Each structure stands twice: as C-alpha cells, then as structure tokens.
Amino acid sequence: MKKLINDPERLVAESLEGFALAHHDLVEVHLAPDYVVRRGAPVGDKVALLSGGGSGHEPLHAGYVGRGMLDGACPGPVFTSPTPDQILACTRRVDGGRGVVHVVKNYTGDVMNFEIAAELAGAEGIRVEPVVIDDDVAVQDSTYTAGRRGVGATVLAERLAGARAEEGGSLEEVAGIVRRVNAEARSMGMALTSCVVPSAGRPTFDLGPEEMEVGIGIHGEPGRRRLPLEPADRIVDMLMDPVLDDLPFRSGDRVLVLCNGMGGTPLIELYVVMRAVGRVLSDRGMGLALSLVGNHITSLEMAGCSVTLLRLDPELERLWDAPLHTPALRWGV
Amino acid sequence: MKKLINDPERLVAESLEGFALAHHDLVEVHLAPDYVVRRGAPVGDKVALLSGGGSGHEPLHAGYVGRGMLDGACPGPVFTSPTPDQILACTRRVDGGRGVVHVVKNYTGDVMNFEIAAELAGAEGIRVEPVVIDDDVAVQDSTYTAGRRGVGATVLAERLAGARAEEGGSLEEVAGIVRRVNAEARSMGMALTSCVVPSAGRPTFDLGPEEMEVGIGIHGEPGRRRLPLEPADRIVDMLMDPVLDDLPFRSGDRVLVLCNGMGGTPLIELYVVMRAVGRVLSDRGMGLALSLVGNHITSLEMAGCSVTLLRLDPELERLWDAPLHTPALRWGV
Amino acid sequence: MADTLDAAALARWVGLCADRLEARSAELSQLDAAIGDGDHGANMARGFRAVRERVLAEPGAPDQLLKDTGMTLLSTVGGASGPLFGTLFMRMAGALAGATEVDLALLIRALGEGVEGVRRRGRAEAGDKTMLDALLPALESLRADGERGAALGPALQAAARAAEEGCRATIPMVASRGRASYLGERSLGHQDPGATSAAAVIAALAAVAA
Amino acid sequence: MADTLDAAALARWVGLCADRLEARSAELSQLDAAIGDGDHGANMARGFRAVRERVLAEPGAPDQLLKDTGMTLLSTVGGASGPLFGTLFMRMAGALAGATEVDLALLIRALGEGVEGVRRRGRAEAGDKTMLDALLPALESLRADGERGAALGPALQAAARAAEEGCRATIPMVASRGRASYLGERSLGHQDPGATSAAAVIAALAAVAA
Ligand SMILES: Nc1ncnc2c1ncn2[C@@H]1O[C@H](COP(=O)(O)OP(=O)(O)O)[C@@H](O)[C@H]1O
Ligand SMILES: Nc1ncnc2c1ncn2[C@@H]1O[C@H](COP(=O)(O)OP(=O)(O)O)[C@@H](O)[C@H]1O
Ligand SMILES: [Mg+2]
Ligand SMILES: [Mg+2]
Ligand SMILES: [Mg+2]
Ligand SMILES: [Mg+2]
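Residue numbers (our numbering), protein chains in the order written: chain F, 1 to 333; chain Z, 1 to 333; chain R, 1 to 210; chain E, 1 to 210.
Hints may be right or wrong, so weigh each one.
[Unchecked claim] Only pairs whose alpha carbons sit at most 25 Å apart, straight line, appear in this in silico DMTMM-like list of lysine to aspartate or glutamate:
#1 Z/LYS2 to F/GLU17
#2 F/LYS2 to F/GLU210
#3 F/LYS2 to Z/GLU211
#4 F/LYS2 to Z/GLU17
#5 Z/LYS2 to F/ASP233
#6 F/LYS2 to Z/GLU230
#7 F/LYS2 to F/ASP206
#8 Z/LYS2 to Z/ASP25
#9 Z/LYS2 to Z/GLU211
#10 Z/LYS2 to F/GLU230
#11 Z/LYS2 to F/GLU211
#12 Z/LYS2 to Z/ASP241
#13 Z/LYS2 to F/ASP206
#14 F/LYS2 to Z/GLU210
#15 Z/LYS2 to F/GLU210
#16 Z/LYS2 to Z/ASP233
#17 F/LYS2 to F/GLU211
#18 F/LYS2 to Z/ASP237
#19 F/LYS2 to Z/ASP45
#20 F/LYS2 to F/ASP25
#21 Z/LYS2 to F/ASP237
#22 F/LYS2 to Z/ASP206
Please keep in mind that the hints were generated in silico from the structure rather than gathered at the bench.
The structure presented is a predicted model; accordingly, all values stated were derived computationally and were not measured.
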C-alpha cells in the first residue's frame, strides 16, 4: 500500500489536523467526536446546512464548509458513515435556532446514523429536516436494492441549498432546494483502477490492465459491469446515455455539468471527458450553462470519473453564482 | 496504459477543447499553434505575464490564466516544451504595449525555446523580460548540471507577479516580483509511483511496492535517491530539511506553504502532509502565514507530493490576497 | 445452570461477544469484502473494544448494561451495523427496565423488542440477506420453546442453532438491503457478514446460559 | 560522385534524415528514457515528418531549403533538440546564402556556423554528453580533410565515422547539460540520444555524397 500516511487508524484525525492548519481562517475542527464547522458557528440568523459521511471522498464534505455552502460536516472513518453522537454534536453546534437541514447520501449506514441523530436532536428541541440524495443511475432497480446511491448531486445540493440558506431561506425552503437538486440531477461513474482502503491495505477489487468497471459508487464497491477499456469518448457515451434517459433530459434544457475525478485521474484527462460531454450535449440540443471540472467527490486514489447533470432553472442558476467561500470552492468573495 | 483519453497524439488538443468549453467565460483557447489567453487579451493598460511548458502539469499553466495571474499560457506536448512560434504568437496576442514577462521553468528545452521566442518578439519591437524559475533543491550541484529545475515556486511567482501586473506595475517591477519569489522560495518533491507518458504507454520508471523516489522533478524523471517507503512524517522531514537549510529559512520567518500533490495522491493524504509540515515549522519557530494544499503543479497521474516554502514580506502577503480569478484558483472576486 | 440470567451473566455475554467478534474480525471483513466494502469486522471490533473499555469495566444493572452497550456501539461502530446492533441492545434494555434477573419469558420479550427495532430501523424483512435472517429464526425458536415451557439453557442452545442455520441460509439469497444490494445477482453465493456476527451474538448468549 | 552538392542533393539529404530518424524513433526514445524523459525519438520524428510535408514537397534553393528545414524543426520538435537542430540548419542556411552548389570549403563554413550556433544556444561544450559530442568531431574531421585538399565524398565518409565515434564516446561520460544532468553519476554508461541523432544526420549527408 503506497500512501502518504503514518497509520491507517490515525489517518482521519491527522488529516483533519492538517485541514485545520490550512483553513483555520474559515473553519473550526473538533476531534473526538470529529466534526468541522464554520468559524464562529452558529453563523448569523440563518438555517444551518450539515452533511457528513465516510472519509475518503475529499474535498467532500469538510472542504465544502463555509459561507454559501455547509455550516457543518461530520467525517466518519474511511468509507464508513459517521455516528449519531458525532452528528448530534455537530447539529447542536451549528443550530442557530432556525433549524438544521441534514444532507444525507443514500447509503444504509448514513441514512440510519443520520436518522438516529435527527431523532436525538429533535428530542432536544432542535428542528432537523433530513433530505436524502440518491442520484446514481447505475443502481437501476430500487425496489430490490437499498435504492440509488448519493453521489455527485450531493456537491451541487450542498452548494445551492447553502446559498439559499445564506440569503435567509426558511428550513423548508432550504430543504426544498436540496430536494429539487436531487430531483433534477442524475449521475453515473466509472473506474479505471480500484482504490485501496488504508485499513485493508489492498485494492478493494481487481481490474485487469485492459478492463474498466462501469457504474461504480464512491466507496470502491464494484460497479454493475466490467468491460474492456474504451476510448474516453465511448466511455462518456456509456455514462451519458443512462443519465440523459433517466430524468429524462430534453432538447432545450440548460444544464450544469459536473465532470468529476475519482481522485487518481489527472486534470488533463478530465478535460478530455468534459469535451466529450459537451459534444453529447450539443448533439442533443441541450445548453451547457455551468460546469465544474475536477476532483469534487472522490474515492481515495481511484482513477476514473463520474458525470453529473443538473437541469437548471433561473433560481438554481442565480444561487449557483451567489458568493461562496469554502476551502475547496470559492467565488464572488 | 489506463487513461481517459482517445488518442495520445490528440490528447493535448482535445483537453484544451474541453478546457475552452468549461472556461469560455475566462479564457480564449487557440489551437495550432496552441495557446490560452485571457478573454479579450490584451487586457487593459498593463504589463502581460506569460508562461508555458510541457503539458501534463495541469492546472499549470493554462489553469492559471485570468485576472491577477497569467495573461497567456503556451502548453507544449506532454512533458515537452512549447515551440518558439507558439510562444511568439501568444506573446503578440497578450502584449498591450507595456511589455511581456516570460516566466520560464529552468529546463534546457524551455529555456531555449523561450529564448528564441523572446529574440523574435524583440525583433518585432515587443519588449520581453524573461525570468527563469529554479527552486528545486533536489538538484544539488548547479555547476555540473543544467541547474536547478523550476517547480512549485512557478505557481507562486505567477500568482504574485500577476497581482503586481494587475495593479499597474512596470515591466521591471513585475519581473522583479518573479525574481524575488524565485529567490525566496525552495521546493522538493517525492514520488510513490511513476507516471505514464501517453505516447510511451508505460511507466517512465519502475518503483517496487515498498519503494519511493525522493528528489523527483515534474517530468517523471527519476530523482536522486530511491529509498524504502516511510511514514508521511518521515517523508516530510526528508523534504523539509534540504528546503529549510538551503535558503536558509530562519526562526521568525513567516512563510507560505504549498503542499502540492503530484496528480494521483488524494487530498486526504495531502492534509496529512500539511500537518507534518506545520509541525516542522512550529518546531523551528517559523510562522505559517499562508497555505495552499492540492494538485497545483503535477506529473500526470504520479502519486507523491512536493513541498514549497516561500519566505514572505509584507508586499508579497498583500499581493497574495489581491483579487484572483482563474479556472484553477480564485478568490476576492 | 440457572433458569435466569443476572447482571453478571449478561456482562459475561457482552464480554464474550467482544472476545469472539474481535477474534473473528478478519473473517467478517473478508465476508464483507466479497459483497460490501470490507469493513464489517473492523467496525464490530472497534465497537466492542469500546464496549469493553467503557461499559464492561464497571457494568451496571441489566437494563443499564445493555443500554450502555447499545449507546457505545451506536457511537463507535458507524456504518450500517452500528445503528442496527446499537438499536438491538438499546431496545432490549428498554424491555428489561428495572429487572435484576431475566427469565426466558422476559428474554423473549426483550429480544422481540430488539429485533423489531432492527427491522424498523433498517426497513428490511426476512430474506433480504441481512442480520435479520439470523435474528428472526433465533427469536422464533425461542418463542416456540417459550410456549412449550422449555428451560432457558436448552431454549438458547436451540436459538443459537436456528441463528446459525439462518446465517447459512443467506448464502443463496440475493441481497436487497444494504450495500450488498448494489451487486444484484452478484451477491449470490456469499454469506452475509452482518448475519454472521448476529449469529455469533446469539451463540454467545447461549454459551453464558449453558 | 560529384565534388559539390546541389539543391537536389541537399533535399535528398534532408529526406534521408527524415527516413532514418523516423525509422529509428523507438531506439532514440529508448535511449532518452534511460537518461532523460523518453521523448527524443518522438520529437525528432514529429519534426522531420513536418519537414517532409512542408519543405520537401517543394524544396527551394540550398539556403531556402535549409532555412525552411530549420524553421520547421524549431516550430514542431519542441524540447531541447528542437531549438538546437533548428539552429543547426538555420545557421547553415545563413552561410549558404545565394549559393547553388556547395563544395567542401563552403560546407565546412556552413557546418562550422551551424555547430557554433548549437554551442551558443545550448551553452554546452565538448564532453558534456550532448549532440555536440557528435557534431564537433565531425566538424574537426572535415576541417582536417579540407586542409589536406580531400574530396567531398571521402571527407564526409570520414566525418560520419568521426560523428559515430563521438557518439559512442558519450557512453562513459557524465552528463552536465540537458535533462540527463539531473541524474549525475547515474547518467554514466548510456549513449546520449541527441548525439545519436546528430550522428545520423551527418551519416545521411555522407550517404548522399557517396
Ligand atoms: N437495512 C438493513 N437491515 C438490516 N441489516 C442490514 C441492513 N443493511 C445492512 N445490514 C447489515 O449490515 C451488514 C454490513 O455492516 P457493515 O459492513 O458494518 O456496514 P456498511 O455496509 O455500512 O459498511 C450487512 O452484512 C447486513 O447484515
Ligand atoms: N545544452 C545542450 N546543448 C546541446 N545539446 C543538448 C543540450 N541539452 C540537451 N541537449 C541534447 O538534447 C537531447 C535531448 O533532446 P530531447 O529529448 O528531444 O529534448 P528534452 O530533453 O527537452 O526532452 C540530449 O540527448 C542532448 O543531446
Ligand atoms: Mg462501511
Ligand atoms: Mg522532453
Ligand atoms: Mg461494510
Ligand atoms: Mg527528451
């Protein structure tokens, strides 16, 4: 296992310490229980937005704590959801009296741990509104599964709902933006290589030198299909077709594109993916209004990418451009 | 070779096309010869800042074109310097009459190609001021080598001199900032894995599962020493000692830290590196004033990191915070 | 062989769970690697190590002991199994409120509450290839024995066998809850890790009652 | 066997350079992989492919031909070898201004200018393990033969042998210019790629004069 770490057991805590050092102007980091909040939380007279999940997806979630996005983030161990006490402590810390929206990626563990935390917070008189994100079209049949997974739409929901909270939206309005983003966004991902969970020390799955895994999630879990490697343009077609057909997106739609790297794929390749996405959109008569290219929701050092499309409306477009200031994304301030 | 590409020969051009699509609000991309300039270049009544080099180091340089940083960037083929005609065309395009500073990383090819371009531009009446960056302390003996390589300080010089140009600095002043950054910054890097140059199709060097290469550059060239893998804290000591001793940095210095990923190392690990750097600085009585953690000057998908320290003064600190708006870095606007 | 379990016996149960799950951590993670994300053993070991340190050092009355165990699992295991095993123990604790001795009837009530809590929390049913496929058969076996007026010890031996069989029965199932469900048909042929640890928990109870 | 080279012969030279360097592209990149970044063969092949398309389709007079060749190399090869081979051909072109036939004396003058240009551009000297270690011996050999009044053909055969020997002599050198210099002692024992292609360029000239 080739990693810049000291000890798998201390990885998350040490990484949070480095994060605190680099971003002390923006965030406060609490250890044991682990959570990250905006400096001076609770901030202002606003609804708070909180998310969390296993570590290994950086910059998600802690990198998105700051003005115009999250008020708090709860990182669990690598690929393992945070615990209710962690989420509860963070919820108490960010609540300014107007309630807290929990953005939860749809994984059994995340959903249950957030659910218990919300019950405990509710018992303490904190209003919590949980919203589950499940945008991954790779999981096809939701009656016989735990349901679609939450992937790229999480980033978009956190940003857009964070902007709505910042401008004074109510608990219902902020949660409503998360729900709208989840309803209007679809994603699909693929891997060229597996990742190595530090505590396991070896690749989660094995891929041959000429193979790729299509339909992966973000926890190194294998996907739906193992296929021979193809050129980038063909791979993008394989991701875009199910994404476009599912919502479905239609000619004339204006969309935001997230071309996301899984962690080990260099930017030069992500822009090749972006080019291919742009060609598909223009072939379908769709408008590319906004784009985000880079490592935004990752699986440790996995090589690969995911594509998320969000159908925009004027309110979402306006919210996207609102001032944003987090360790990982920043504009307008 | 597992890459999200269509054809090694078309990689740079296709990646630039995707880049143009994603960032058309900020930049204009010209193909054949390949260069990237700020939208509407030449911009305002200012000195222009231009850089370039082989591709494969993204976001360097094209990702740094924009307000407060570069006016133009010339990407060569992967790890191969751009050609004089490319640099000349870009120089013409960005010159607004107050001259053009060329930021050149110290590699034989880059230096000669930029030199010829500067001669040609000079013959056309364009004032060009070239500055060479050579901050890599891994290259020890500069009398018997092509000299130290330009690495992490390039990013810092481009940002700080770009800010100086934006506020109206003269050709000499802007070039002076580049020289000052180069004089006050030192870097060293290491690799956990090699990268794969697309046209070669296989790793540039072979590292065993328990080996690392210390003192690497950014072109997949092997470094000075091959050593057994160590914990992150020990690796950071190996990078920091020569960096600190070389300038030398002293107790009481305020520094900017660039914790740079080589492309394939996930952010969770870079923050572990950041933590270790912070510990070394505080042990030495130095002040961590500014930090930048992420993939800023990379070697394709190489796993590894480099650390750059820049000794700050009040002017450099002020320039760092000035408004910046590029595809890869943005703040204050 | 007593016909009730007192606080000391229940503490031995929890301790035995910790011993056995820590010892089988690699095996449980291996099972999880095949159809999940390979952390189930580590999760359970982390949780029960914390239980040993925080709860078993000074175990309280039956209800307090199981509540503390549940809370500790809840706050240290994470993932899917943390809330589920946490709920199992906490709901059992609720049913034992005030009791100092637990007879078969009370144990059936408590386990019934616990398993119902797991079912509700996870929204899973029998046959979904989860820990419920070990817990439900154990509970049914206990209930049948309880109606027949069986003694505590033999009833728990039978329940342990039922849990073990239920656990093996997950092998030919296609998962429809939890991470394994993403694999669809690919989850066939693998034993469910959570069912395996649930069966170990029941077996440990049988062992202290033997 | 003519005692001068005309425009057609020089065009054959450039064409032969293209043929041979393209054919040896993999070998040259291999040499560069050992002590550089593994692209020298690709760089030269890219450049001479462009020369074939843009220059050899309609080759001009000697000076124009070599100037176009140099400019094309300059704008397509990149890296270290682009400016150096570009300079070599462009400086040679300067010395040939107006000439239609090139005799040995003029060739020596032109090559001397070209090699001097390479030396200045690269700030390298003999023994630095670069293309100069093939070019300088070739030039010396030509000059000696020129003074002895040798014929063009045999003088170029001798120069090609000198270049080849100079190229082999780079093997035991430690590089002190270019990318290979970063390796220090590790560059020992490898033949310099740029010297190899420079020797091929001289050999091609000898071949058209034979
Ligand atoms: N909805 C559910 N109901 C009951 N048990 C479940 C459910 N989802 C998962 N499980 C159990 O949890 C086990 C996996 O636990 P673990 O690996 O610790 O968590 P995670 O899946 O979050 O990594 C599965 O083997 C299964 O028995
Ligand atoms: N300063 C120099 N002077 C002369 N020749 C040089 C110099 N630096 C490098 N070279 C030659 O260039 C060759 C490498 O060329 P190439 O691989 O195409 O460029 P790069 O090193 O930029 O990848 C070396 O083998 C050497 O012969
Ligand atoms: Mg897990
Ligand atoms: Mg090169
Ligand atoms: Mg698991
Ligand atoms: Mg080379």
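Verification of the hints:
no., hint, in the structure
1, Z/LYS2 to F/GLU17, "34 Å, violated"
2, F/LYS2 to F/GLU210, "22 Å, holds"
3, F/LYS2 to Z/GLU211, "9 Å, holds"
4, F/LYS2 to Z/GLU17, "34 Å, violated"
5, Z/LYS2 to F/ASP233, "14 Å, holds"
6, F/LYS2 to Z/GLU230, "10 Å, holds"
7, F/LYS2 to F/ASP206, "16 Å, holds"
8, Z/LYS2 to Z/ASP25, "32 Å, violated"
9, Z/LYS2 to Z/GLU211, "22 Å, holds"
10, Z/LYS2 to F/GLU230, "10 Å, holds"
11, Z/LYS2 to F/GLU211, "9 Å, holds"
12, Z/LYS2 to Z/ASP241, "36 Å, violated"
13, Z/LYS2 to F/ASP206, "14 Å, holds"
14, F/LYS2 to Z/GLU210, "7 Å, holds"
15, Z/LYS2 to F/GLU210, "7 Å, holds"
16, Z/LYS2 to Z/ASP233, "31 Å, violated"
17, F/LYS2 to F/GLU211, "22 Å, holds"
18, F/LYS2 to Z/ASP237, "18 Å, holds"
19, F/LYS2 to Z/ASP45, "50 Å, violated"
20, F/LYS2 to F/ASP25, "32 Å, violated"
21, Z/LYS2 to F/ASP237, "18 Å, holds"
22, F/LYS2 to Z/ASP206, "14 Å, holds"
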